[in-house]
Amino acid sequence: MSQNDFNPKILGFLCNWCCYAAADSAGVSRYQYPPNLRTIRVMCTGRLDPAFVLRGFAEGADAIFSGG
Amino acid sequence: MRPRYIDADKCTACGLCTKYCPKHLVDPYNEGLAVTRPIHIDYAQAVPATYYIDPEACLYLKHGTCQICVCTCQSKAIDFSQKPEEKEIQIGAVIMAPGFGRIPEATLAKYSYGLHPDVMTSLEFERLLCASGPFQGEVKCLSDHRHPKRIAFIQCVGSRDLGCNNGYCSSVCCMYAIKEAMVAKEHDPEVEIAIYYMDMRTQGKGFDAAQKKAESMGIRFVRARVADVMPWEKNLKLTYSTLDGTHSFEPFDIVVLSVGLDAPADAKNLGEVAGFALNNYDFCKTETFAPLLTTRPGVMVAGAFQGPKDIPESVTQSSAAAGLAAGLIAKDRGKALVHKTYPKEQKTGKDEEVRIGVFVCHCGINIGSVVDVPAVEQYTEGMEGVVYHAQSMYSCSQDAQEVIKAKIKEHNLNRVVIAACSPRTHEPLFQETLKDAGLNRCLFEMVNIRDHCSWVHANEPAAATQKSKDLVRMGVAKARHIQPLPEQTVPVTAKALVLGGGVAGLTAALTLAEQGFHTTVVEKEATLGGHLQHLSYTLQGDTVSTVLGEITDKVKKNKKIEVLTNTELTQVNGFVGNFSSVLTTTKGKKATETTLDHGVIIIATGGREHRPEVVLGNPVKYSDTIVTQRELEQRLSGKGKNLAPKSVVMVQCAGSRGDDLNYCSKVCCNHAVKNALKIKALDPASQVVVLYRDMRTYGFAEDAYREAREKGVVFIPYTMDNKPKFKSSGKKTSVTFYDPILRDEVTMAPEMLALSVGIVADGTEDLSKLLKIPVNEDKFFLEAHVKLRPVELPVSGVYVCGLAHSPKPVEEIIVQAQAAAAKASIPLCKGFVSVEPTISCVDKEACIGCGLCESLCPYQSIRIIKDENGKRKAETITASCKGCGICASHCPVFAISMGGFTDEQINAQITAFGAQ
Amino acid sequence: MGQAKDKAELSSLSAQTKLMPSGAKKSGTVMVVGGGIAGVQAALDLTELGYYVYLVEKSAAIGGAMAQLDKTFPTNDCSL
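Chains as they are written, first to last, in the numbering used here: chain Z, 1 to 68; chain L, 69 to 984; chain X, 985 to 1064.
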């Protein structure tokens, strides 16, 4: 399998105040990025219980993204 | 009122009209560096988010042709029938905040501005740096689009320049030049940047540190005056002269002119229409001790129109002006407010059947042109809990809201999922709709398939549609677990506690009392007035004792103000709206304690004079002949003969800016100029020499600095590599310093040596522990947000003003005190503090009282209490919880849940993620 | 809550607006002239303090000069 065929499933936890806002503004600016990320909005990445990360992997995520 | 020609209720800000508009228009938002169309919006985040038509450029409005936009607009928002309207309104007070004007281009001509495209103003360069600017943030020469290798900034263009009748300093240019230079350097670390300046005036809180950082990034600061800038082959030639009189020139690719802030172009008209006076520079005329009052009663001023200033100071003035206006018409508070009413909320029980309605939005073509909206809508068919699904063209439009309300009723929906844009911008709107439909506003989930999907995967429609489906599935999964949350409010004790009885505390107390709030002022000394008791006159010529007498009289006469002298705060309990404090009053050896209930705290504890024992490496013994500026002022305003010394050497930054203290104390340069002028007034033959690093007589104080030089005061700069040396023998002190004009060492034996010592924080560390409020490395209180919340502290209900925040002159202290009082009166006048429902909630059964949450909470919003059985249990302090969830994620027994972000909800989202 | 009235032109507006000197009949409303950061902040605070606000701005959007800035000194936070 060449590297280009790898289509990872990424689960992201985005802080409402910064990273989620940044993702919004990436949209407003029409930045194009690969469509592999699925996001969950939280009010702060402090909310991120390690159990969420583990569950994410258990549910088949290839990577977990935490943006805060 | 001028028309927009676009119906704001219908416009969805999709941008299609701009795309189809055939005419070009130079874009003023981008300082003319880009083009837009007559029908446009200035920038994506503009408020109101409604496009508008420039009638001067529109082909239809100008020539009666075109109208392409009318058929392009899908929401039929374009309305050429709109006409200018005149309105008459009755008002109780006016706040003038028209901002600043531009330096005329004629002033910029000697730098080849307008002659060569690579000479630009700082605002143009700012647009160049910006990601939404003409080159998407890439720094390029405007002439040939090459990347610049060398950039120069010229300071004081249109400021400190009588040639263009702007004798004042614009107070912001040094900072923005440093900022722009640093950002340019981040874009391209190879670029060489030089800033040509007279004095670097980075006197604000934390500003010197930023300049040091800029120096460490390799940005060059050159003290010189720039004679001119001329085109030179492909480059620009910048000619400058340094202090020692030598002329040099250097080539640059881009020259940025740090243009100052002029008075607003229509200042004169504004003054005439509203009936207030202007100063000699056409800014609004105000007094030192009433900095925001215009000459017309009822008309306040705020922002750069009061005098050039930066963002935090403008914000502070605005809050202060709002507080003053509120005090003026305190009787009419709430009379004109329009309150909205909602239907009674229907009960949504825990065990009730979940009935979800999903609305998928096209957002015109914003989502619909990329994501297959019908497919996403169909995808929800048969999903657990989903009983209704639909599409809408613009779900945020007024008619779509009505449809949503109708469908909630028709299908008895008790959860609503909207797949559209960002909850950060639109959640409040849809929550209103839910409330209108009688649902708890928290029974709502938003899925962002525009900003996070169609817009960023525009070229991959299949993948974008799949992502939308996944996100909707995750949103629906969360929605199944959403529960209604109560609207929480906490009642407020409508009383204020002000710590400190100096000018800051007294001003704050008066501003609060004028609005009708009972205020207790606590002063640790026996008398009110603080530092002003030791000052005699101001740079503007006010007699301090008279003004201070008036203020203290007003305070003492005001029935709403209680003054406690010889008193200190010794204990604080509670939180915003419900503080309970212990105040200890000491009389002789007897100490009495009183408990006070109050809703807010204003910290105005002040600072004190720094008395360094070593100045610039010289040991100092204060005496009659070696004094601080404050002591010199006391002598100069005394009653004896021969008040003015025959000769004085003043040394600036004595103990400041890296000598002993790391920061600039902001007031010392003005203080030195003030005393120098006083000496010259008493005895014009006196010799006054001021040794300085950067004269920071910012704003209109520049006039006094110029006057001092005209009157023969000699200002000589020194550097930290070549500090002045003092030598004392008996009563005589000699000072040796390097004179860059003579290019030699000079020794003087003045009658007096006056040290411009700084200001240090006083007692902030103790208070910081008591109130759990952070201080910065210089021990001044750290505000909640440096720019936008300059008088609020990170703990809700606690505000700061005066020297406890940072060193500053008296007019700024007064404004800050008024602003702190205005901010503090917000919870007091509301009578309650409302809390977002997204806060933490402790399951007392499950809690084991370990206290981990209490120790981790950054806002001191969760605490351990003893329950009725004497067991340790955690408890959320509703009023100050910010909903970050750190407690919930660390709780070892999962006893804490976050409103709207429960473990159950997030886990459901993760599981739904896996189900793809 | 207060309401923002944009796109009003001061010269036409205030020429006919009767300014109330203190002591005259007041109505619980305040006019803020200028929709830059200073005007917006004043308007926000006034509505929080219980007054109806007319925010008058001559251009099509509020925000003023701050909206044109890329970043702010010294923290280099985004200006918008």
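Hints are computed from structural coordinates only; laboratory data are not their basis. Predicted, not measured: the structure shown is a model, and the values here were computed from it. The beta-carbon is built from N, C-alpha and C at its ideal position, and this holds for glycine as well. Please note that the accuracy of each hint is not assured.
Stated by the list, open to error - Taking lysine-lysine and the BS3-like style, the derived pairs with C-alpha atoms no more than 25 Å apart in a straight line are:
1. X/Lys1055 to L/Lys253
2. X/Lys1042 to L/Lys217
3. X/Lys1042 to L/Lys336
What the hints assert, rightly or not - Okay, the calculated bits of chain X under chain L, using three or more residues with CB under 8 Å as the criterion:
4. 1011-1022
5. 1034-1040
6. 1045-1057
Said to hold, decoys possible - For the chain L half of the interface with chain Z, some residues (derived, Cβ under 7 Å), not all of them:
7. Tyr128
8. His131
9. Ile954
Checklist entry - Checking against the hints above, which ones are violated? => result The structure conflicts with hints 2, 7 and 8, although it agrees with all the remaining ones.
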